[in-house]
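Participant: Line order of the protein sequences matches chains A and B. So in our numbering, spot 91 of the first sequence is number 91, and the numbers just go up one at a time. So in our numbering, spot 11 of the second sequence is number 11, and the numbers just go up one at a time.
It is possible that part of the hints are untrue.
[Claimed, not checked] For lysine-lysine, the following DSS-like pairs were computed, each having C-alpha atoms within a straight-line distance of at most 30 Å:
#1 A/20 / A/41
#2 B/42 / A/41
#3 B/42 / A/55
#4 A/55 / A/20
#5 B/45 / A/20
Derived by calculation from the structure, the hints in this document are not laboratory data.
One-letter residues, chain by chain:
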Amino acid sequence: GAVVSQHPSWVICKSGTSVKIECRSLDFQATTMFWYRQFPKQSLMLMATSNEGSKATYEQGVEKDKFLINHASLTLSTLTVTSAHPEDSSFYICSARDYRISHEQFFGPGTRLTVL
Amino acid sequence: RKEVEQDPGPFNVPEGATVAFNCTYSNSASQSFFWYRQDCRKEPKLLMSVYSSGNEDGRFTAQLNRASQYISLLIRDSKLSDSATYLCVEAGFQKLVFGTGTRLLVSP
Chain A
1 GAVVSQHPSW VICKSGTSVK IECRSLDFQA TTMFWYRQFP KQSLMLMATS NEGSKATYEQ
61 GVEKDKFLIN HASLTLSTLT VTSAHPEDSS FYICSARDYR ISHEQFFGPG TRLTVL
Chain B
1 RKEVEQDPGP FNVPEGATVA FNCTYSNSAS QSFFWYRQDC RKEPKLLMSV YSSGNEDGRF
61 TAQLNRASQY ISLLIRDSKL SDSATYLCVE AGFQKLVFGT GTRLLVSP
């Protein structure tokens, strides 16, 4: 099956710093990548959808200037949490798909962010 | 009203039991649904798709009831390894909408 990796798997940072999370499709081309956030005991919430080479589409209530998404290639998307605060602590998961083949999304293993 | 709603559980069942979860959805035009499984602190993994005719895969059976706008997941002969959170997912236009999940605990 298609493999998606995320890096780092976990990160602890101080309040006010920025954190970059990478999402890579290892054995397929990801025309579309999705970024989700999951707080404890809650469902995955879609933050944004990014298509390769174009600007990300953010869900309502997600600040695009705080969560910067770059999808510059067919195998890599990055999410940068700028000026992170403790309330940004969460489990961030990306998924990827090649819409030319199917609509199935393949999920990365997630990144656990803790902001002190 | 939430787009996809699930009973959070937990459902505590003994090994070998049969257990069923329901999930309701609000968009009557929705066409595709999925069940995902998520283990603690892990990413969700696709368990099975649900179509109007239902779907069966081994011990797992998923059904879609369009009239009542719910889908179900039936697990027969529960195993300890079935302990996880089961996420009901609606495939909207270009995106997936996740329910909060139903937690299943299978005990010896």
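Participant: Now tell me if each hint is right for this structure.
Facilitator: Right, here's what the structure says about each hint:
A hinted pair counts as satisfied when its Cα atoms are at most 30 Å apart, and residue 20 of chain A with residue 41 of chain A qualifies at roughly 24 Å. Of the supplied pair hints, the one linking residue 42 of chain B and residue 41 of chain A holds, its CA atoms being roughly 13 Å apart against a limit of 30 Å. A hinted pair counts as satisfied when its Cα atoms are at most 30 Å apart, and residue 42 of chain B with residue 55 of chain A qualifies at roughly 28 Å. Distance check on the hinted pair: residue 55 of chain A and residue 20 of chain A sit about 17 Å apart at the alpha-carbon level, within 30 Å; holds.
A threshold of 30 Å between alpha carbons decides the hint, and for residue 45 of chain B with residue 20 of chain A the separation of about 24 Å falls inside it, so the pair holds.
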